[in-house]
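Asker: Here are the chains, one letter per residue:
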Amino acid sequence: MKKTAGAGLAAVMAAILTGGSALAQEKVVNVYNWSDYIDDSVLADFTKETGIKVRYDVYDSNEVVFSKVMAGKTGYDIIVPTSYFLSRMIAAGALAKLDKSKLPNLINLDPELTGRMAKYDPGNQYGVIYLWGTTGIGLNRDKIKQRMPNPPANSLAMVFDPAVVAKFADCGVTMLDAPDEVIPAALRYLGENPDSKDPKVLEKAEAHLMKIRPYIRKFHSSQYINDLANGDICLALGWSGDVLQAKTRADEAKNGVVVQYLVPKEGAQMWFDNLAMPKDAPNPDNALAFINFIQRPEVIAKISNKVQYPNANRAADRLIAKETKADPDVYPTPAMLKNLYTVTPNTQAEQRLFTRIWNKVKGAN
Amino acid sequence: MTGWRPGWREAAILLPLAWLALFFLVPFLIVLKISLAEPILAQPPYSPLLVWPEGGGWPALGARLDNYLVVLQDDLYVRSLLNALRIAAVSTVVMLLIAYPMAYAMARAPKNWRPALLLAVILPFWTSFLIRVYAWIGILKDEGFLNHALMSVGLIDQPLVIMNTDWAVHIGIVYSYLPFMILPLYATLERLDLTLLEAAADLGAPPWKSFLQVTLPLSLPGIVAGSLLVFIPAVGEFVIPDLLGGSDTIMIGKTVWIEFFQNADWPLASAIAVTMLVVLVAPLALLRRGLHG
Amino acid sequence: MSAPLVRLEGIDKGFGGQRVVDRLDLEIGQGEFLSLLGPSGCGKTTLLRMIAGFETPDRGRVVIDGIDMTGVPPYRRPVNMMFQSYALFPHMTVRDNVAFGLKQDGVDRREIERRVREILDLVKMGDHADRKPAQLSGGQRQRVALARALVKRPKLLLLDEPLAALDRRLREHTRLELVNLQRELGITFVIVTHDQEEAMSLSSRVAVMNGGRIEQLGPPALIYERPASRWVAQFVGDVNLFAGRITQCNGSGLTLDTPDAALLAEAGAAPLATGSDAWLAVRPEKIELFPGTERPDGFANVIAGALVDVGYLGNLSVYRVAVGSGATVVATLANRRPYPATGLDRGAPVWLAFTRDSGVVLTA
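Chains as they are written, first to last, in this note's numbering: chain A, 1 to 365; chain B, 1 to 293; chain C, 1 to 364.
The following block holds chain A by itself, in its conformation from the complex (with noise of 0.2 Å):
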C-alpha cells in the first residue's frame, strides 16, 4: 500500500506513546484522516483552546483503517471512515458509542443527511458526518471533445454505454476499484434499484459492465487523480473529492488540461465520512471534544472552503464561500438531494458475491 508503511509505523509509534502516557501527562487527541482534508490552523485553534495536542496521522484508503480497526489497538482516538465502512466497524463491535450529552454541537446537523446516514449508523450512535460527496463523472474536457462534440457529459452513458464509452478507450477510461460503488451505478443506469442484492439483478450489472469492460483501461482508487491532472486519462468514474483535487492540481500545473466533476442526472451514489471512535481509544473524553470542536459551524465551514467538500453543518451554511457555493456539481444544492441515493451495507454473504462478480468483470478480456 502506497502509504501504509509509514502510516503503519505512526500507528505503532502512537500506541507506544499513547500506551505509555503516564510518561507525561500532556492532554493528547490521537487523530487518523484522510490526506489533504482538512485546514491545519484548526487543528491548532484546537489545541490553542483546550489544551490538547493533536497528533495527526493521514491515509488514503478506507480498506487500511478498516483493516487496522479490525486488528485492534489502533491508538487512535478519532477515525473517519466511509459510511460503508463505518457500518462494518460498528457490526464488527470496534467503535465506541458517543455519548451525544458532551456532543452539543451536532443540534446543528442536517436531520435529511444525518437520516440518510442512519442506513448505515442506526440512530446515528457512532459516527457524526464530517464531510460527504457523490461518486459522479470526471473528464478532460478537451480531449473529450475531440472525440465526442456533443458528449452526454451529465450523464451514467458516459462510461456505461458502451457505444459512447469506446470513444474514449484510446485516451484512457478508468472505474473506482469499488463494486458498492460501480456496481449500483451500473444498476441505476439500467433503471433498477442500486440498491439491490439480488444476485439476479446483480447478475444484469454483471452482464452489462462485461460490454464496458474493454473499454476501461485500469480500475483503480486513487491513481487517476493525478492521470486526470496530467491528460493521461480523459474519463473517470470517481469521487467528487478527488476528481476536484485533480481539477486543482491541473490549475496549479498549468499544463492546459481543464477537468471538470459532473453529477450524473441520472443520479448518484453519496458517500458519507464520519468522524468515529475506535472502542479502544485511548483519550475518549478528548476525542468528543475533537469532534465537538470541529462541528462549530465556523470551524467545519472553514474545512469545506478549504477542501471544497459540503459538510453537514446547517449553521454553516452561511459561512461557505461563495466560489465554493457556486458549481452545484460540487457542492450539490439540496434541491439535488432527492436524485443523489445511498446503498445498505453488504452481509458477508453479499460482500462476497460482489467481490465475485468484480473479479469476474475485472478479469475478463
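Hints listed in this document are in silico derivations from the structure and should not be mistaken for laboratory results.
Quick caveat: nothing in here was measured; it's all calculated off a predicted structure.
Warning: the hint list may mix true and false statements.
Straight line, CA to CA, 27 Å or less: simulated DSS-like cross-link-like pairs of lysine-lysine [said to hold, decoys possible]:
1) A:Lys265 - A:Lys167
2) B:Lys33 - A:Lys73
3) A:Lys254 - A:Lys325
4) A:Lys254 - A:Lys211
5) B:Lys209 - C:Lys132
6) A:Lys27 - A:Lys143
7) A:Lys338 - A:Lys204
8) A:Lys306 - A:Lys279
9) A:Lys27 - A:Lys102
10) A:Lys279 - B:Lys33
11) C:Lys155 - B:Lys209
12) A:Lys306 - A:Lys254
13) A:Lys119 - A:Lys167
14) A:Lys27 - A:Lys302
15) B:Lys209 - C:Lys286
Pair ranges (Cβ atoms, derived) [said to hold, decoys possible]:
16) B:Pro221 - C:Ser40: 46 to 56 Å
17) C:Arg168 - B:Pro124: 53 to 63 Å
18) B:Pro124 - A:Thr344: 45 to 55 Å
19) A:Ala253 - B:Pro221: 27 to 37 Å
20) A:Pro149 - B:Tyr134: 30 to 40 Å
21) B:Phe129 - C:Ala164: 46 to 56 Å
22) B:Pro115 - C:Gly17: 18 to 28 Å
23) C:Tyr312 - B:Ala116: 17 to 27 Å
24) A:Ala253 - B:Ala116: 49 to 59 Å
25) B:Ala11 - A:Tyr56: 42 to 52 Å
Beta carbons: idealized from backbone N, C-alpha and C, even for Gly.
Chain A is fixed; fit chains B and C onto it per the hints.
Answerer: For chains B and C alone, kept in the frame of chain A given last:
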C-alpha cells in the same frame, strides 16, 4: 556428571533455526489457523479455532476447509495465481537474459573496477522502491518521457499504450528485481576458475562452446539462486501490478490484498496465501530432492 | 634431428613493460621429452603458454609441425596441455572430462567411448570413470588430467609443473610412469618445472632458463657435468667454485692459480687466454676427503683444510671443510662404512683431493 554441554557449534546451528521458527514458522501457523476459520464481523474478523462450550468441558474444533474450497473452485484465484506465475516466469527469464551478460562483464572486469561496478548495481537501492516505481509511471504513461521522446524523433505518431498493461508490469518487475539476479550470478561467475576455460579451449572448444559446456553449467547455482530470489517475490508482487498494471493485470498479490483489505475476508486471504506457499514450495522441495538424488 | 616439431623464432614477450621472454629461439624435435627448467619468473611458463596459444608473442613466430601458429587460437592447435592445477571440469565425471576434447572434434560416439576407456585403463583410472573430480585423490586427479590431455593424441603435450601438487613419494613414482608413457606413445612432451631433479630424471633434453633466455640446452648429463655458466652450475645441483687466474692453457691442460692452490683441469675445446679470470666448478661428490696430516697421492689437485662440520643424510654425509683462503668447500661422500668414520671429527685436519677431469673451467 559429564553431560552434553552446548557449545558454539550448536549455538550456530540453533540461531538460524530459531530465526526461521520465529519469523517464518510462527507467522505461518497463525496464517494457517486463520485460513481454517470463518469470516465474521468482529475484532478480529474471524471465528476462533477452538470453541469452548459454555459450562466447561472439552473445546470443539472450529476448523473448516470452506475457504480452500472457494480458492480451488472459483477460477479467479487459480487464474490470478497462474497469471502471477506467468508474469513472474517471463520476467525472470528476461532478467536472466539481461543480468547474465552484465554479471559476466563485471566478473571479467579488471579487479580494481569491480567494487565500483558492484556499487553501480546496488546504487538504485538507495532510492525508495516506491519512488522508483512511480518514476516508471512518469516514463511509460501516454504523456510520459518515452512517448514524448519517440514522438519527437518521429518513430511513432500515436503514443504507445504501455502504462497500465502487462508490459509495464514486466518492465517494473524486471527493473526492480534485476540486482537480485545480478548479484548471485556475479558471485558464481567471479569464482569461476578461468583455467577451466583455458582447458576447454586447449581441448578444442571455441569460446561459445566452452561457454555452453563449462561456464554455463558451472554458473548454474547462481542462475538457480538468482531466479528463485526474483521469481518468488515477483509471484506475490503487489505494488508493481497495482501501480503499473492495467485492469486485466490480476496477480495473486492483488487478489490477496482485495480479500484482506477490501472484503476484510481474512480467512479467505489466508487460505490463498497458504495455497500459494504450497504451490511455490512443493515444486522447490521436489526440485531439491531431484538435484540431490 | 629431423625437421623439428616446434620452432620458436625470436620470441619476445612482456607483461606491463616487464620483459618475460627475451629474443628466444628454440627447436623441439619429434618424440622428444624436453624440460624447461628454471626458477620462478624465468619465463618458462609463459613460453609454454605461447606454444599452447594462451599468449601471443609480442615479436617472433611459433611454428608447429611446419605451420605458423603464431596467431592461431588454442582450440585450433594440435597441442594439448596438462595444467598445474589440473583444471578438471568439476561438474563432469572422469569419463566426461576425458571425452570432452573428442566431443569438440565431433568424433563418433562409440569411438569416443572406446578411446576414453583405453586411455583411462592406460593411466589406471578405468575403475573411477563415473566419479566426479572432487571424489578423487590428488594422484588420481593428476592421472585424469593426463588422460584428458592425451586422449586426442596431440602432436605435442605440454605439462605445466605436472607433479608439483603431489607428495614426494608419489612424485617419484609418477615420474617413472610419465617417462614410460611418453616412450610408449611416442608423443613429444614439453614439461615446465622448477625442480632440477625432475628435469634430470624425465627428459631427453633440458633447457635451463633464466631471465627470459635459455642459458643452456642439452641432455641432462651434459647440463650437470658440463654446465655452461656458474649460474647453471649452481642452479642444477650443488657446486664448489674456485675462483682464480689462468696461468697456463695448452693442449695438455689448464692451470688455474687460486689462493689455495694451483689447480689443474682439462682444457676445453676453445683455448682460453692466460691471465684471464676464471672459475673451476667441482661437484661435491667428485671430491675425495682424507683425514690426517699425510698428503694423499695420485690426485692432480689436493687442498689442505680443516673439517667444519658433517651433515649426516643416511646414505651420504656432507662434509664442510674450511680451506686456507677462508672459503668453505663441500664434499659429499657415500657412507660405505658405518658412520661416523674415524678421524673425521670437527676441527680435524683433512685433505681435499680431486682429479683433473673432475672440474669444469667457467669464464661466465
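Asker: Mind listing which of the numbered hints don't hold for this structure, in increasing order?
Answerer: 4, 6, 8, 13, 15, 16, 19, 23 and 24
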